[in-house]
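Trainee: Heads up: the protein sequence lines correspond to chains A and B, in order. Last residue of the first sequence? That's 294 in the working numbering, and every number before it is there in order. Last residue of the second sequence? That's 213 in the working numbering, and every number before it is there in order.
To be clear, the hints were calculated from the coordinates, so they are not data collected in a lab. What you are looking at is a predicted structure, and each value in this text was computed from that prediction instead of being measured. Among these hints, one or two may not hold up.
Result set (BS3-like, lysine-lysine): computed pairs, CA atoms no more than 25 Å apart in a straight line [unchecked claim]: (1) A:Lys5 x A:Lys15; (2) B:Lys47 x A:Lys36; (3) B:Lys57 x A:Lys16; (4) A:Lys15 x B:Lys31; (5) A:Lys172 x A:Lys234; (6) A:Lys5 x B:Lys104; (7) A:Lys15 x B:Lys57; (8) A:Lys16 x B:Lys104; (9) B:Lys8 x A:Lys7; (10) B:Lys8 x A:Lys5; (11) B:Lys57 x A:Lys80; (12) B:Lys93 x A:Lys16.
If we take Cβ atoms under 8 Å as the criterion, some of the chain A residues that face chain B in the derived model are [what the hints assert, rightly or not]: (13) Ile3; (14) Asn4; (15) Lys15.
Facing chain A, a subset of chain B residues (Cβ under 7 Å, in silico) [what the hints assert, rightly or not]: (16) Leu25; (17) Glu26; (18) Asn82; (19) Phe84.
Note that CB positions come from ideal geometry on N, CA and C, so glycine has one too.
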Amino acid sequence: MKINKIKEIFDLPLKKVEIRGKSYILDTGDKRFVVKKQINNPIIDYLNSRGFKYYPNIIEDNEYKLIEYIEEVETPNEQKLLDMIDLVSLLHAKTSFFKEIDNDKYKEIYEDIVNNIYYLTNYYDELIKVIETKIYMSPSEYLLIRNISFFYEALAFCKEQVEEWYELIKTKEKVRQVVLHNNLNLDHFLKNTNSYLISWDKSKIDIPIFDLYKLYRRCGRNYDFSEVLKRYEKNYPLLMEERKLFFILIALPPKLEFTKSVYNDCVLFNREIELMFKTAKLLSPYYTKNTKTP
Amino acid sequence: MKKIVPFKHEIPFKTKISEITSISLEHTLHKEEGLVTGEFIISGEYKIEDNSPTNDKFSYELPFNIDLDSHYDISNAIIDINDFYYEILNEDKLVVNIEVVIDKIVEKLIEVEKQVITIDANDIESETNNKMEDSNAPIVEENRNIQEVVSNIVEIENKDSLYVTYHIHIVREGDTINTILEKYHITNETLCLYNDITDLKIGDKLLIPANEN
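With these hints in hand, go ahead and build the complete structure from the sequences.
Mentor: Shown next, in the form of structure tokens:
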């Protein structure tokens, strides 16, 4: 989009323009506005009808949206993450409804996960075989082989859990659905005296754990997620089958591939392995409790 | 009249750029006697590494100057930003593209038709030296341009005469070689000596030695 076009549409005197991702922040000197390209998503109207108003006001709405600019109060990221999860749990609580279970959909999820586990097991088996024939391993290969037991443990855990989950879901008639923000990120949460979630373009209706899963992939490595999960469940306790599926999704190891750059591989592998350690730590309290009181 | 001036600048960073999280543009452009001058202030935040939780700040000031030809009147012109976008080059260079729009430029009418320039041959040498220095300026005024030509020719000519006077004739509609020759009382040969008359158009300038003798 062209700056001149935006200016013509909204007729604002501009002092400063800022580009942040897909949005433009216009500064007229005494007021600031956000302009985004209009994407048809009826969710915002739906949120309003459910009494969830924690998003910035839309001032003008045509080809481009003119949105009020939220002045943010500086808070540490750890605090921000907790505040955000409070708001997300509120969003889920307010928009939650039960839907007749679609057996095919869950069968598909189940099969996807099982196939994935099977594929990853084979993939790492083959990879290890190749690496073991080498006399000298590269640092990235060494990093992977040193930690490969975690991958197998995680795969075994997922395999066991997915069966349990599928048995559980088969007995259910209804599942919970909520409005997902679907793009949770610390940059998409603003706080002053009020809290706001921004960037609703990807939002949709589905089961609640997808928001948690995406957030975990983004922030799980840098922040303590067990606290986040506790805060979320305070407002919106997860059901047994939901939690199980969430744990399976986050425990499932990624497919690590070697590229030309050993350095980049090491950085990426290290990051993923670190996240796997964190996941194991996050999940262990839930399972140790279960074994003590079966 | 509206003119759009594109501006592209590469800013090398000391570190890697993985992602530009925000970038803003301000400007101090203003008019100053026929030229538009000022600075763009580019500032924002970026991530050095893909997954780093912190952002690093950057801020750069880029000077911007354009000279407009003297027959444009920009006293009422409005200077504004037409467009602004950026890209990352080779992970360590930020390329900013800015389009400046100068609106409401008025084109002045050319009033000069016939000029008589008298040049003192003794001054010519110093004049040409000045011109040489000036020639770095991006847009040289029309009249000076002619003078330069004149002075070059005069230099060749001044072996036998110290003072030479020239007329400049701007070709207008209805002019023919004959009418020009008649008007200035010169011969076709003299005209050819100073000018290339094979392809004359309206607005062309002819150098005519004053026939005072």
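Trainee: Against the earlier hints, flag every one the structure doesn't satisfy and list their numbers going up.
Mentor: Of the numbered hints, all hold.
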